[in-house]
Amino acid sequence: MEIGVEQKQGRVAVTVLKPLERVDGSNYNELIAAAENEYRSGARRFLLDLSQVPYMSSAGLVAMHAIVMLARHGILPDEESGWEAFRALGRDAESGFQPYVKLLGPQPRVQKVLDMSGMDQFLEVFEDLDAAVGAF
Amino acid sequence: MPAKLDRLETMREFVTGAAITLGAQTDLALDAALATDEAVTNVIVHGYGLDQGEIELIMTREGNDLVIRILDAAPEFDPTLVPAPDLETPLELRAPGGFGVHLLRLLMDSVSYRRLPEGLNELTLKKREALH
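Chains as they are written, first to last, in the numbering used here: chain A, 1 to 136; chain B, 137 to 268.
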């Protein structure tokens, strides 16, 4: 997957990840890997620019969830460990938009997936890059 | 089609085109493609465990209903028994996954499973009054 990476500075440093193609089961891991690579370089806040993503399945949601977990806890979720691993991470998360990952410019079909999945409750969506960066 | 993740895009193009040919509007055809993607991805990842396998897609019209049958030879697995994900718990506290079957149920009017006598899984997706 071709992914653009850019660093922006608002109140805090924001790493913008911009996939340049569809996100599905065949390539979502590459988006996670890109975030992990940036995390190792010090990134702690991520803006996913979805403006060039014409299609996203639930695999894209898994990638977003993983990046939230990475930014919040410094580790990636392990699907094999189930609920125990998550309970061990603490219960200090608040409801509503989480502060680690935001979304920019999802196309209508991608927005539909976000709405249906309920992820729009936790992932704040912006249409303007500067507004998105400033919101962190 | 071979049960491989890199075939998903080709599969989606097939489903979208076939749905439109059968009489579906574009938006509905795209919904059908997404639903099929979710189902097929589950077969590839959880059914075959990314091992070798084949998946058969059959798309038909029943009256004005669009019917998609997905057949595979993976071990018996009924995706309709997968519980709905917890959509209320904050992301940081939630186990990953579970969205695929959830989307499938929202996109299609009917999702049914049966194990065929010849040892195949058959998942049937139906969208009512989708074809004109």
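Hints are supplied without guarantee of correctness; some may be wrong.
[Unchecked claim] Think about it this way: if two alpha-carbon atoms lie no more than 30 Å apart in a straight line, the pair counts; the simulated DSS-like pairs of lysine-lysine are: (1) Lys262/B x Lys140/B; (2) Lys112/A x Lys140/B; (3) Lys112/A x Lys262/B.
In short, the hints are calculated from the structure, not lab data. Quick caveat, the model's predicted, so the values are computed rather than measured.
Here's how the hints hold up against the structure:
Only pairs whose Cα atoms come within 30 Å are accepted, and Lys262/B paired with Lys140/B is accepted, the gap being roughly 24 Å. A hinted pair counts as satisfied when its Cα atoms are at most 30 Å apart, and Lys112/A with Lys140/B qualifies at roughly 26 Å. For the suggested pair Lys112/A and Lys262/B, the alpha carbons sit about 20 Å apart, so the restraint of at most 30 Å is met.
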